[in-house]
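Engineer: Protein sequence lines correspond, in order, to chains A and B.
According to the working numbering, the stretch in the first sequence is residues 1 to 122, in order.
According to the working numbering, the stretch in the second sequence is residues 1 to 122, in order.
Just so you know, not all the hints are guaranteed correct.
Identical copies look the same in the list; a pair holds intra-copy or inter-copy alike.
To be verified - In the DSS-like style, the derived pairs of lysine-lysine whose C-alpha atoms are separated by at most 27 angstroms in a straight line are: (1) Lys78 <-> Lys5; (2) Lys4 <-> Lys78; (3) Lys4 <-> Lys14; (4) Lys114 <-> Lys14; (5) Lys101 <-> Lys114; (6) Lys101 <-> Lys78; (7) Lys78 <-> Lys110; (8) Lys14 <-> Lys78; (9) Lys12 <-> Lys114.
These are computed hints drawn from the structure, not numbers from a lab.
Quick caveat, the model's predicted, so the values are computed rather than measured.
Okay, here's what each chain looks like letter by letter:
Number of protein chains: 2
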Amino acid sequence: MSEKKIGALLSKLKAADPHIEGAALISSDGLMIESELPPYLEEDRISAMSAALLSLGERAVEELEKGTPEQVTVKGEKGYIVLSAAGGEAILIVLTDSNAKLGLVYLYIKNISKEIRSMLEL
Amino acid sequence: MSEKKIGALLSKLKAADPHIEGAALISSDGLMIESELPPYLEEDRISAMSAALLSLGERAVEELEKGTPEQVTVKGEKGYIVLSAAGGEAILIVLTDSNAKLGLVYLYIKNISKEIRSMLEL
């Protein structure tokens with residue numbers, strides 16, 4: 001795994017869509033691996049909160065018998081937060097503005113998650 | 001507010017799309033208002049967990065400066081769970097199978113949320 005390569009992937013994701021404001025990869029226990037988030041956001045808090053949200057999503061899919069969790073999307077008034085399992089050990093977090101086309105964002109995430117997954121394999 | 005009317009709305013939502021497996025309305029503190037969920041699910045646990053998930057989603061949108069939270073969607077291997085704020089006091093939870101067209105489900109939810117909102121006003 002190379003931090004630089006992951007950073008380049010996150011930058012590519014940001015560049016792909018002007019509505020994507022930032023992206024980061026965190027470990028499933030809530031620690032930042034690589035961040036391309038806007039500088040005004042506090043990385044530590046974001047990563048801890050993302051892990052908590054995906055973990056609660058996990059409980060929800062278990063409880064509601066929906067198999068293993070793949071993604072949690074939070075829609076706010078000013079945009080979307082999309083958390084995606086990228087391999088068993090990492091979470092990809094993507095922030096968009098409110099004009100983002102969610103279908104397109106999901107497609108970019110799907111493609112980049114595959115690349116991240118193969119990078120995280122030792 | 002009438003429980004019967006809310007029950008009828010939830011049934012209408014289920015009937016609108018064969019991929020919608022169930023729907024329920026819970027209070028924002030996690031108590032069931034009306035349920036059209038599949039009978040094998042435990043209502044109390046579902047409602048408590050939904051409130052917790054939406055509350056964590058709320059923290060996420062605050063932290064990431066995305067305004068007020070409107071919706072949390074959890075994608076599992078076997079389907080989707082969609083939690084939507086329906087007025088300030090209630091949460092609409094919708095379960096679908098994995099073949100659901102999410103765009104269509106969001107549209108149905110948007111329309112029914114409006115109706116629920118006006119019903120919940122005294």
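Engineer: State for each hint whether it applies.
Structural biologist: These are the hints, each one checked on the structure:
no.	hint	verdict
1	Lys78 <-> Lys5	neither (30 angstroms within a copy, 32 angstroms between copies)
2	Lys4 <-> Lys78	neither (30 angstroms within a copy, 35 angstroms between copies)
3	Lys4 <-> Lys14	within (15 angstroms within a copy, 48 angstroms between copies)
4	Lys114 <-> Lys14	within (16 angstroms within a copy, 34 angstroms between copies)
5	Lys101 <-> Lys114	both (21 angstroms within a copy, 23 angstroms between copies)
6	Lys101 <-> Lys78	both (13 angstroms within a copy, 24 angstroms between copies)
7	Lys78 <-> Lys110	both (23 angstroms within a copy, 17 angstroms between copies)
8	Lys14 <-> Lys78	within (18 angstroms within a copy, 29 angstroms between copies)
9	Lys12 <-> Lys114	within (14 angstroms within a copy, 39 angstroms between copies)
The structure fails to meet hints 1, 2 from the earlier list, while all remaining hints are met.
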